Structures are given as structure tokens and as C-alpha cells.
Amino acid sequence: DTGVSQNPRHKITKRGQNVTFRCDPISEHNRLYWYRQTLGQGPEFLTYFQNEAQLEKSRLLSDRFSAERPKGSFSTLEIQRTEQGDSAMYLCASSVNGNTIYFGEGSWLTVV
Amino acid sequence: GENVEQHPSTLSVQEGDSAVIKCTYSDSASNYFPWYKQELGKGPQLIIDIRSNVGEKKDQRIAVTLNKTAKHFSLHITETQPEDSAVYFCAASNPYNQGGKLIFGQGTELSVKP
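Going line by line, the protein sequences match chains A and B.
Sequential numbering from 297 applies to the first sequence in my numbering.
Sequential numbering from 363 applies to the second sequence in my numbering.
Misleading hints may appear alongside valid ones.
[Unchecked claim] Covered stretches of chain B, as calculated for chain A (at least 3 residues, CB under 8 angstroms):
1. 392–401
2. 407–415
3. 463–475
[Claimed, not checked] Interface residues of chain A toward chain B, partial, derived using beta-carbon atoms under 10 angstroms:
4. Arg327
5. Gln337
6. Leu387
7. Trp404
[Said to hold, decoys possible] Here are the in silico distance ranges between beta carbons for each label pair:
8. B:Lys475 x A:Glu379: 32 to 42 angstroms
9. B:Ala391 x A:Ser362: 28 to 38 angstroms
10. B:Lys475 x A:Lys367: 48 to 58 angstroms
11. B:Glu401 x A:Ser358: 26 to 36 angstroms
12. A:Glu324 x B:Ser414: 18 to 28 angstroms
Simulated from the structure, these hints should not be mistaken for lab results.
None of these values were measured; they are calculated from a predicted model.
Where is the CB? At the ideal position from N, CA and C, for every residue including glycine.
If we strip away everything but chain B, and leave its shape as in the complex, we get (with noise of 0.2 angstroms):
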């Protein structure tokens, strides 16, 4: 099945520079790539996805990338707020396999330090 690695798990950043997660995938098959943000206490909101026939997309500061020959695909947050802290997770899924199922990584802990 297919397994998610998420890097790093704690980034620490001051306001304004760029935070940069990345994530790994395992199967091949998995087309699908979204990126959730979530505050404590909270469910994961949606932030941004990417599909495989993309290789990048952005969305105000917000954007990411996939290289789906490496099997990888990164999160780029540009000019960062005190209000970006959160843990972000990265997920890839198949939609028309397994009824399109996550799998998530592990999240990483951003602190955006004003």
C-alpha cells in the first residue's frame, strides 16, 4: 500500500522568510496530492492540491510542486505570518482506487515567530 514520508517534522521560521515541507510517496498509481492545515483543537482545513497531470500550482503565497518521476512533492509557503503556525499535512491518494483514500504523513509543526 502506498506509505507517506513527511519532512521535517518541526520547522521553525521567522516572519516574513519561507517555509519549505516536503513529502515522499511510495506508489506509483497515486495521483492526487493535497496539503491540509491544522490548528489545534481542529479538523485538517484544505489549503491546496495538486493533481498528476500538474507540476506546480500556486495560490497567493501558497504553492506547490510535484515531481512524480522522484515521487515527491513540496509545499512552499513565501512570506510567512504569525497566523501560517499550524501542523500542515501532506496526503496522497488514488480517486478512482480504494475510493480515493489518504494516506497522510506524519505533519510537520510550523512556528512562524513574529
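The following block holds chain A by itself, in its conformation from the complex (with noise of 0.2 angstroms):
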């Protein structure tokens, strides 16, 4: 499989806790996103990368969200301090100089 890889695909935290995912994406691929998505909403840009370098961020990425891209390759999404709020899908994505983007299966966060 050759796509975009996310996990874990499931996490079910305890409130206050941290949590980090891993995205994978498409090799050769230099961009890489991360957006949120809630039940019935369509997803939510939260930052991209660049190669290495994150260009953008959402005022959707508050203080507890940090996401680092350290080789160019993978990237992790790491949220402190997490919050019931905070329970969402997070989908990664990939292309290359933002044509055509592809999405991974999205990692599902459920914070009790």
C-alpha cells in the first residue's frame, strides 16, 4: 500500500492526558497537512508542511497542539493537556506543491 498512513486509527484517551499521531504520506510527496474532522462537518485545515518546514498555521491549533515534520518525511501531530473538545477524526494528507491531495484513513480521537 503506497497511500497515506495514519495511526494509530483509534485512541481513546483520558482527559488531560497527551497523545501523538503518526502520518506517513506518499513518497516524494513534499507537502504534507493535517486537518480535524468532527461528525458532520466537512474536514478542517490545521497546518502544512513544506518539506520540513511548517508554513501554516490555523488559529484552529491552540497552544496544546504541536505538529513537527523533523525529516521532510513523517509527521506527528502531538496534543497536551487534551480535552473532551478535542475528540475528533485527524486526517493527514499529501501531494506534491498542492496538486492533488490525498488523504489517509484518519486517526479517530475520543477523549472520556
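Using the supplied hints, reconstruct the complex from the two chains, each of which is provided in its own coordinate frame.
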């Protein structure tokens, strides 16, 4: 499978705990995006990377959220001190220079 | 910033009928318009896209039309089948600005009844 890979697919955590999601983009894709999706809504942009550089962050990305792409390949999204409002599906996507964006299967987060 | 409106929010058709989903966008600089199909519990799957230099694109039973003057684009599915049942999202972006981030519509839940 050479598509965008995300793990874990599901995570249940207690409020206040930290969680980390990993994304492996399609090989040779220089842009990597993170989106968040809640039930009944379309995906909302969080942030994106051009190679290893994080070039834009949405206002949705509070100080508790941090994303990295250290070597320009895989990326991690960490949420610190999780809150119930963080419960959502976190989607990763990748592209070559912003053309034809492909999504992974998402990582479901449930904060209890 | 860009805003994308999508209608209808739900659509129910009989198997074999056609389905049409419409979207409007606000930013005239947007020039890339993909459509995604999302099944329950899965990520969005790209089904067709169109760029601003083209007015229409077709791929088997699926077609997309774009009217740049009116800033709207539509998805047409002909000869619908039960496996077409899913949530469909339209999106807009400018690959040369803001990283090509996609702005999504609110989604249309399509139900195809056998």
C-alpha cells in the first residue's frame, strides 16, 4: 500500500493526557497537511509542511497542539493536556506542490 | 478567506437515477476544485477534480462542471448504484497560494435506494 498511512487508527484517552499521532505521506510528496474532522462536518485545515518547514498554522491549532516533520518525511501531531473538545478524527494528507491532495484513513481520538 | 457552500446536505435517489450536488465558492483566485467521497469511518477518497482552465471533466459515471464566472461547480453522478451511497465533499484551493490547502464544503449525504 503506497497511500498515506496514519496510526494509531483509534485512540481513547483520559482528559489531561497527551496523545501523539503519526503520518507517513506518499513517497516523494513534499507537502503534508493535517486536518481535523468532527461528525457531520467537512475537514478543517490545521497546518501544513513544505518538506520539513511548517509554513502555516490555523487558528484552530491552539498552544496545546504541536506538529513536526523533522526530516521532511513522516510527521507527528501531538496534543497535550487533551480536552473533551479535542475528540475528532485527525486526517493527514499529502501532495506534490499542492496538486492532487490524497488523504489517509484518519486517526480517531476520543477523550473521556 | 475562501468559503465554500455545498447543497443539498442530504440527497436520496433511486438506483439508476442521476444525482447532482452543487457548490459555490467565494475566492476568485481559487483554481482547483476536487471532489471527495467519504464512507463511514474512512478518510476522504478523491473521485474527480477539475482545474479552472477546464469547464467540464468526465470519468465514467461521474462528471464535474465548473462555471468560473458564477463561481460554482457541480458533481453529476449518473446511473447511481447502492455503492455510491456515502458523504460527498467539494473543496476549493489555490495550489500556488497558502500551500494549496483545501477549503471544504459541508458535505452531502447521498443515499441510493435499491
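How the hints compare with the structure:
| no. | hint | in the structure |
| --- | --- | --- |
| 1 | 392–401 | holds (count 3) |
| 2 | 407–415 | holds (count 3) |
| 3 | 463–475 | holds (count 7) |
| 4 | Arg327 | holds (6 angstroms) |
| 5 | Gln337 | holds (7 angstroms) |
| 6 | Leu387 | holds (6 angstroms) |
| 7 | Trp404 | holds (8 angstroms) |
| 8 | B:Lys475 x A:Glu379: 32 to 42 angstroms | holds (40 angstroms) |
| 9 | B:Ala391 x A:Ser362: 28 to 38 angstroms | holds (30 angstroms) |
| 10 | B:Lys475 x A:Lys367: 48 to 58 angstroms | holds (49 angstroms) |
| 11 | B:Glu401 x A:Ser358: 26 to 36 angstroms | holds (30 angstroms) |
| 12 | A:Glu324 x B:Ser414: 18 to 28 angstroms | holds (26 angstroms) |
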